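As they're listed, the protein sequences go chains A and B.
The first sequence maps to residues 1 to 297 in this note's numbering.
The second sequence maps to residues 1 to 217 in this note's numbering.
Hints were generated in silico from the structure; no laboratory data involved.
Treat the hints with care, as some may be off.
Stated by the list, open to error - Only some residues are given here: those of chain B computed to face chain A with a beta carbon under 8 Å:
id: 1; residue: R77
id: 2; residue: L101
id: 3; residue: G128
id: 4; residue: R129
Unchecked claim - Derived pair list, reagent style DSSO-like, types lysine-lysine, alpha-carbon separation capped at 30 Å:
id: 5; chain 1: B; residue 1: K88; chain 2: A; residue 2: K200
id: 6; chain 1: B; residue 1: K26; chain 2: A; residue 2: K200
id: 7; chain 1: A; residue 1: K200; chain 2: B; residue 2: K45
id: 8; chain 1: B; residue 1: K26; chain 2: B; residue 2: K45
Values in this document were obtained by computation on a predicted structure and should not be read as measured data.
Where is the CB? At the ideal position from N, CA and C, for every residue including glycine.
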Amino acid sequence: MHSLQHILRRAARSLWEHLYLNAMAALVIAAALLLLGVYLTVQFNLNAIVDTWDRDIHVSAYFHEDVSQDRRFVLRDQVAARPEVAQVRYVSPADAREWLLARVDDIGPVLDELGPDALPASLEISLVPTQATPDAIAAFAASLAGPDFDDIDYGREWIERFNAFLSLLQLLGAVLGALIGIAALFLVANTVYLIVYNRKDELEIQKLVGATPTFITAPFLLEGAAQGLLGSILALVGLWGVHRLLVVRLQDALQLGLAGELAFLPWSYLVGLFLLGVGLGVAASFLSVRRFLASAP
Amino acid sequence: MIRLYHVTKRYGDIAALRDISVRVAKGEFCYITGPSGAGKSTLLKMLYGAEHPTEGKLLLGGVDVSKLPRRGLPALRRNMGIIFQDFKLIDSRTVAENVGLALEVIGTPRATIDRRVQAVLGIVGLRGRGGEYPPTLSGGEQQRVAVARAIVNDPSILLADEPTGNLDGGMAIEVMEILQSINLRGTTVLVATHDAGLMERFPYRSLRFEHGRLVQS
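Generate the whole structure from the sequences, applying the supplied hints.
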């Protein structure tokens, strides 16, 4: 059984003797993680914005003109009591008229022509965040349908398009992330293979004196972990720098009007990136050594 | 110790070895000789598992090496020592580290490795030279380091592929004398060579190959 001390000693020696190549491998890992981190930061903030918008999505239920005032209030209270409803607001014809006058220029004469009850009364209903999905909103709207309401409106088409856009974005992001990961894996593996190739004479001799694949592979895995560790640290520091640059430059330049500034990734994401970097280093080393061991016996 | 039964080795249409059947007894010293391309190195490669026979069976200490899977090679090679014409030493490691590698791969404790290395360096006449690096040694000294590495774990069989090929007369004789002394301790020794003068000076059984066939045993 090979002692950990033996393996650590050999790994440390190799790290030192091939400092340049090991540094290159670490930089490739850092670059890949930085790209991935930037993408994750953008998506994280985008999701946060969408969450805000989701909470603002509401249903407008327009009363039939024959529904009495008392009936309208009863319906309001019934809707408010439903668990999926966060808030209900009754909008009278007069309120609706005021709202429209404030937002549309020159509409006053038209409304005067149509009369004081031209606009229907309505219930403006906000759903709880957990119900702010296209299917849940559609189901809720369908449940309200009946003789009391002329129309139930919830921006269906817009929601469906927006969610389709988000799904596409997430899919693209996943594909992009996977491609970056695979590219990084092969780049690092080829860099590590240079280290392995540099030592091929030594490794061939080890095989000739009876070294097992484990004996040969173990130090390389430790080297890979060290490359990943360094690469992860560099990437996280770089990501912080890029984030500060973006917060300062973009927010002013684009006047995005975001609620708060661009957030940095939470700890769970950072730990995930860190572990991914270490894993990338180990995986690349494993692939490279395995490629060598599969060659001449 | 070593038995070949109708062993043939082909590389495509070319037969490097043809229908070889031979037996080498335990503790025997044997030459594998013949002109270049006769199949000497091919035979040695099959003995240490770097090649498999195309046909036939090859037994080494009762183990059928011809059917040995790749994962069985480390165990096979730990029971043998191998010496090459080009020494195959690690230039960035000291003499002691080169010799100790054969013990390091089997997990021998450091103190034991140091003790055994010093002992075998004494056998090959390099006592006190463990801290030097191979490039600073002469050809004969480097080959003696290779011999030391090959015998440090007391192998039952020693394979030498043209061990004196890169050495001048005096150094070649030194190395052969070391191999002779190893054989006298009970190790089976096979030496591939085409040096007729050496075989005359150190006469032993000779397996002569020509065009892949065993013509003399």
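Hints, verified against the model:
At its closest, the beta carbon of R77(B) sits 4 Å from a beta carbon of chain A; the interface hint therefore holds under the 8 Å criterion. Using the Cβ-Cβ criterion of 8 Å, the hint placing L101(B) at the interface with chain A is satisfied: the shortest such distance is roughly 6 Å. Interface restraint check: G128(B) against chain A, minimum CB-CB distance 23 Å, threshold 8 Å, status violated. Among the interface hints, the one on R129(B) is violated; its C-beta lies about 19 Å from the nearest C-beta in chain A, farther than the 8 Å criterion.
Taking the CA atoms of K88(B) and K200(A), the gap is about 12 Å. The hint holds against a cut of 30 Å. For the hint pairing K26(B) with K200(A), the CA-to-CA distance comes to about 34 Å; that exceeds 30 Å, so the pair is violated. With a C-alpha separation of about 19 Å, the suggested pair K200(A) and K45(B) falls inside the 30 Å cut-off, and the hint holds. Between the alpha carbons of K26(B) and K45(B) the distance comes to roughly 19 Å, so the proposed pair stays at or under 30 Å and holds.
Consistency note: the structure conflicts with the earlier hints numbered 3, 4 and 6.
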